[in-house]
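First to last, the protein sequences are chains A and B. Counting in the working numbering, the first sequence runs from -17 upward without gaps. Counting in the working numbering, the second sequence runs from 297 upward without gaps.
Treat the hints loosely; a few may be bogus.
Result set (EDC-like, lysine to aspartate or glutamate): computed pairs, CA atoms no more than 20 Å apart in a straight line [what the hints assert, rightly or not]:
1. Lys(-11)(A) with Asp46(A)
2. Lys439(B) with Asp64(A)
3. Lys60(A) with Asp448(B)
4. Lys81(A) with Glu6(A)
5. Lys60(A) with Glu442(B)
6. Lys492(B) with Asp414(B)
7. Lys60(A) with Glu42(A)
8. Lys439(B) with Asp63(A)
9. Lys492(B) with Glu327(B)
10. Lys439(B) with Glu455(B)
11. Lys(-11)(A) with Glu6(A)
12. Lys(-11)(A) with Asp73(A)
Simulated from the structure, these hints should not be mistaken for laboratory data. These figures come from a predicted structure and were not determined experimentally.
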Amino acid sequence: MSTHPRKLVVIITESALEQALAREVIDLGAHGYTIADVRGRGSQGTREAAWEADRNIRIEVICDEQVAQRIAQSLREKYYDDFAMTLYIADIGVLRPEKF
Amino acid sequence: MGLDPVVLFFLLGVAARLLRTDLRLPEALYEGLSIYLLLAIGLKGGVELARQPLATVLPQSVAVVLLGLALPLLAFPVLRRIGRLDRYDAAAIAAHYGSVSMVTYAVAVAYLGDIGVDYEPYLPLFVVLLEVPGIVVGILLAKLGEPTRRIDWQSLAHEVLLGRSILLLSGGLLIGWIAGPQALAPQAQLFFDLFKGVLALFMLEMGIVAAGRIRELRRTGAFLVAFGTLVPLAFAVIGAFTGRLIGLSLGGTTLLATLAASASYIAAPAAMRIAVPQANPSLSLAAALGVTFPFNVVIGIAFYHWLATQVHAP
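If we strip away everything but chain B, and leave its shape as in the complex, we get:
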């Protein structure tokens, strides 16, 4: 199996960084691309959401939220006991792994497109649903047993719920849902046909950024490398079984496994910095961005697809 060009772009970015070139995407371009990706994913899901009976989507959504709540609770004791991290660092990392990575999802969608596997088109809804629970559980884990410090839920809710990713994903979902496929047809070229090209450009930048974290990993040690690869594998198994349980197709199961395995590196770091400032942000970013993201896009997604075929085997 040849590597997806999207992954090759990522590796080019990694190489550029490791070779100490001064290649960088301008910040405005990076932000523009990320806005595009979030909107495109949302729109695509929204167009299809209108066609789905609520009776199917609703119970599935509940299960997905429960999955999002469970994952950080599983990660936390591992980080505490095996990683010997303090409560704050463990809770912050657990929040990153409970939440999800939109770009990892996009790469998995591109992968499924390449091998011609269909998936439930409303899956972007699950990306939205999985983003927040992990962060909330992480904050609670950090704050439990610490009665002195209050949590400012109001500003935190603003930070988490009105962060760029939730706003644009759900905004895209809503626009797609309200407008419908016919009305969006004139924009399909921009938002759907160009998607993979834009994703490739974005992955170039992701490669540069992820490779920049490698130096920190040398300092933080082997545990985070092991954690950043083994925990996604375990979470993918849980995600795959959940997908099977709630009746997702092979493609949908692959995507849910990928989401469970992915770790947030945009929404979670911002929220944890505000809510749990005692946690060292470079630990969670090194794991989520330096280990898990590259692992998922280069090896993980293909493996999660295989995993999905196993749980779907009769």
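Next comes chain A alone, as it looks inside the complex:
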């Protein structure tokens, strides 16, 4: 089955940003997103998600190259200084290109 190339933008960050980011990725041109609660460890220490003020989320956005770059740049400028945030972009193939 043939697939169409798209980008998968994955953002792992503090749950405090959930609403703001959900709004932002849509404003930047994404058609949708998926959010999950996660826990782990990184440069800002262990984040066990043991406390509601201390939870982490993972936001996944499937979009085209342009939107992916826009999201990456916008988030880097706004949040990298003050928030625990990891962002990476992966190449993926989707079956229904019109959806993304």
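Given the structure of chain A, go ahead and fit chain B onto it with the hints provided.
Just chain B, lined up with the frame of chain A:
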């Protein structure tokens, strides 16, 4: 004096964490319990609020809000000068200590129940009133002298005023006030009789969470430990005198002193993360949750009760 079982549950949680067991309350249960506690506290206050003349409650409420505005202003210079923290961290911690902890209040209510001391039943109103001013002052302290960054008051108001604690506490107050004691009687077993048992379960989780902060304290140093114990003591004195001044009973004065001494670790962290992202959240949480909360529930509340008896002594 024997320790309240509620406190023993807390200590069990602390022990479970320090011994590295994998005990955790499921998140859904934790959230359910916290919704229950907020509603129960609100309902209890609301039922009684209807019986109070507005002329008593209104001036008291104004004084309580002023107290909430004053506390962070007192904490801020201590954090700046003695703690040598930067403006953002100092403002964020000041906001946590200006705001209040609902669970600390609940433990104090349970304590007063154990020793048979009455209090003004509408005090949950003061919990609601004390939650917000400290946070607002903290944000202003952080933003003053920083003209470049705007404050988005609209989304901030949404975050603070429609956070779970304010919504459920005031919702409970309103429901209790509108429905009245007779209509609520069929629910009394759930919301009033089971309260202490639910609080005990919640305190088990609080113990686990608070003990998890101890490791961070080793990193952040002695100042926060001193701040987290001495400032609540000082604030309790201010709270006790305020209670006396506005004519609260011995029990009410104890509760107001406890509220003044308590530090927020739910509403304040969420609001400060959005409004003052430059502040390091682990500092304020380590102090509020790792030091002040355990200090208040294990030692503080009994001391604040003693303090209240002193200011009420003829």
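Go through the numbered hints given earlier and state which of them the structure violates, listing their numbers in rising order. Structure breaks no hint.
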